[in-house]
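A.B. asks: In case you want the letters, here they are:
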Amino acid sequence: MAATLARRIVRPGVLPLCSRPPAWGRAAPRSPGLLLAQRRAFSNNKILVELDEGSGVATMKFKSPPVNSISLDFLTEFCISLEKLENNRGCRGVIFTSAIPTVFSSGLDITEMCGKSTERYAEFWRAVQESWLKLYGSNMVTVAAVNGSSPAGGCLLALSCDYRIMAENPKFSIGLNEAQLGIVAPFWFKDTFVNVVGHRVAERSLQLGSLHSAPEAHRIGLVDELVPEEKLQDKAAAVMAQWLALPDHARQLTKSMMRKSVLDRLVAHREEDIQNFVSFITKESIQKSLRMYMEMLKKKKS
Amino acid sequence: MAATLARRIVRPGVLPLCSRPPAWGRAAPRSPGLLLAQRRAFSNNKILVELDEGSGVATMKFKSPPVNSISLDFLTEFCISLEKLENNRGCRGVIFTSAIPTVFSSGLDITEMCGKSTERYAEFWRAVQESWLKLYGSNMVTVAAVNGSSPAGGCLLALSCDYRIMAENPKFSIGLNEAQLGIVAPFWFKDTFVNVVGHRVAERSLQLGSLHSAPEAHRIGLVDELVPEEKLQDKAAAVMAQWLALPDHARQLTKSMMRKSVLDRLVAHREEDIQNFVSFITKESIQKSLRMYMEMLKKKKS
Amino acid sequence: MAATLARRIVRPGVLPLCSRPPAWGRAAPRSPGLLLAQRRAFSNNKILVELDEGSGVATMKFKSPPVNSISLDFLTEFCISLEKLENNRGCRGVIFTSAIPTVFSSGLDITEMCGKSTERYAEFWRAVQESWLKLYGSNMVTVAAVNGSSPAGGCLLALSCDYRIMAENPKFSIGLNEAQLGIVAPFWFKDTFVNVVGHRVAERSLQLGSLHSAPEAHRIGLVDELVPEEKLQDKAAAVMAQWLALPDHARQLTKSMMRKSVLDRLVAHREEDIQNFVSFITKESIQKSLRMYMEMLKKKKS
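Protein chains in written order, with the working numbering: chain A, 1 to 302; chain B, 303 to 604; chain C, 605 to 906.
FYI, nobody ran anything at the bench for these hints, they're computed from the structure.
Quick partial rundown of chain C residues pointing at chain A, CB under 10 Å, derived from the structure: (1) Q784; (2) V788; (3) P790; (4) L810; (5) G813; (6) S889.
The beta carbon of each residue, even a glycine, is placed where N, CA and C say it ideally should be.
The shape of chain A in the complex, shown without the other chains:
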């Protein structure tokens, strides 16, 4: 892992690349027009990316059945796709949504946290960090079109965008519910959450591991807007257009000013945070409670 890190070229002012080399080749060069034609889509296994070159808006559609859980493979695709778009001057904004009915993303894949080696746990966690650093620090306008439930890591993904629109279905819920599973949201999940809903709401919601229904999520400011599900994508496009009406440079510098201290905090404590994750997750008591949770999920399905 250390070797992989050392080999990385980190450009100043740009978040470092994803630590795993992409399966399908190297990252997109500066002339992405060669790769992407008008409305040309590129897809891998788990994420479908469509770029509308007219508007400069890409859509990332999560399509990893059954519930868009965030595995190492998912994260690798996510990082590569985001990096490609970030380097593509023709792309100014990204809308994140799900291709799977009723679920936006079920969060970090629990199978990645059970019965694996410590090296693998570390690799997984580094990729989680990387994805968040890229997304929270993106120069592009990022809009989450939350068209289903979105617990834990799925919620973080939405929280890290510039704007959140949710389908106004009261059956859909969203929240950082880690405490319900006996685990603890790391400090940068918390920082991201506090920046959106404030200290008091975050303290209560994190301690209770609350999953908020769409209307409640709207009331506490976790999402910015609710719309009927059939209007969600149109609304996301309209919001994106509103944000893209601003000059990129001023908007980007402003965004960086708002988010820099929280991004810097993880960058400064990154290895420590990986160690914390690995030593926490390898505890027998935690492994046991995650196995029980997975059993429960399996029973639910059958």
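On the provided structure of chain A, position chains B and C as indicated by the hints.
C.D. replies: Okay, now just chains B and C, sitting in the frame of chain A:
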């Protein structure tokens, strides 16, 4: 005082013990079952503590007439009681309420701030700090059932809990009204307040020394919920049960993550904060205005 | 500039004087009664100051047609007037309002940012900083009676007061709309804004360069209260009386506790902030977009 401090044994990760040795013996050992039977109560002069061993929920009832003012004796009992419960594995949560009609707590006892020696002022302030460090940093779930008015130090006590329920009586008021008395809430009162209501509401409320009626306190987020007075204790028990449904370990780590920076700030500036208090309170102008305030209170009574 | 700075006498605990010597003489001495009689007004070109010695409340009326734009001359008068009042023991509060219909202040004068020398840019920016340091850190009670639109620097002026009342005219708007002009609000504008509306509202509003209508500004907490325009001055006087009912000393210490960290941050990075401003504003791309903006404003007028 320094000697008392030096003698204290501070366990890592656990807030230090109260600085005054308890009048009735040493702190409860790790096997508190020996001391407390099912629903067995222990009481001193000013606080009645009842532990329901079935639910693991204790109730601390303030019963220091006429208005539950927070004297050094009150603080000593408070620290010892909280420490006993904290060390009792059978106790997972505490509900704070008042045995005195219409008053939750009138705040720090002004007679402790008038005409005493500097040593006594320092001892008093250290006990105020200690109580807050213990309560704000408690591993237990803490719920304030605010069944009466709660100015200044009484408000801080409620603010330091995990959840605040108030009787919906518009005659009851709550707030950090120190400025009204010509004194200043210390920085950690302010930090605690900001963590609950946000910077703007805190700035305005602290500068005006506002006492908020129950409905207003609810509107600004100072209390989480209002219920009819006769339902207050049942509601507190129900909220407690909801919080206790979470695994202790994850909830405790989450709580610590949310509160650590504010707790650490006092720990780092503790002696300085005591010196500030002592030098402020011993000013002739402050002594004079506190004496006038006490005269006014006496006249009100008669 | 360095020489000017070095010559300044900075009293501990008091914000430094404005860097430009007043055109009409030196700052008011400690016995301002010699200068100001009951309701005696002093006026320069751009700001009318009236002090009611009975109530101890001054009014600063901006009267710099056509739109109270904040030029270096305006800032110089502002600093001197505020300093005079700050040093006048008979003055305990200031109400800021506009003598020009429909505009409170249009913000920093764009002509100060176009086609000038770097020395002049630096001098201008130092005066902007100075005015904010004086206003945000004032010991007096400061109330903004916002009787017209108030974009950018005009909004900052209102945000830096203790309380904001706005005429409930939906045509009036207020906000830090710098991003709309392709420029970026500096970090201390942002800090001031976050302290009023919280992180999330600030992040969204700053990135979009939003100008909020009066009702919306009230809803997001940017202003504290809306009143019909004809009642604005009376309301401001009533609010002022409420704040002045508190003992000055306790209120001032409380205000300083709430604002000190944000004030200190600019003081610590002042020269760096000036350099940032100068190097940003002298970029050809920024100069071009400001010139285009001015052209647009001129066309609008004719």
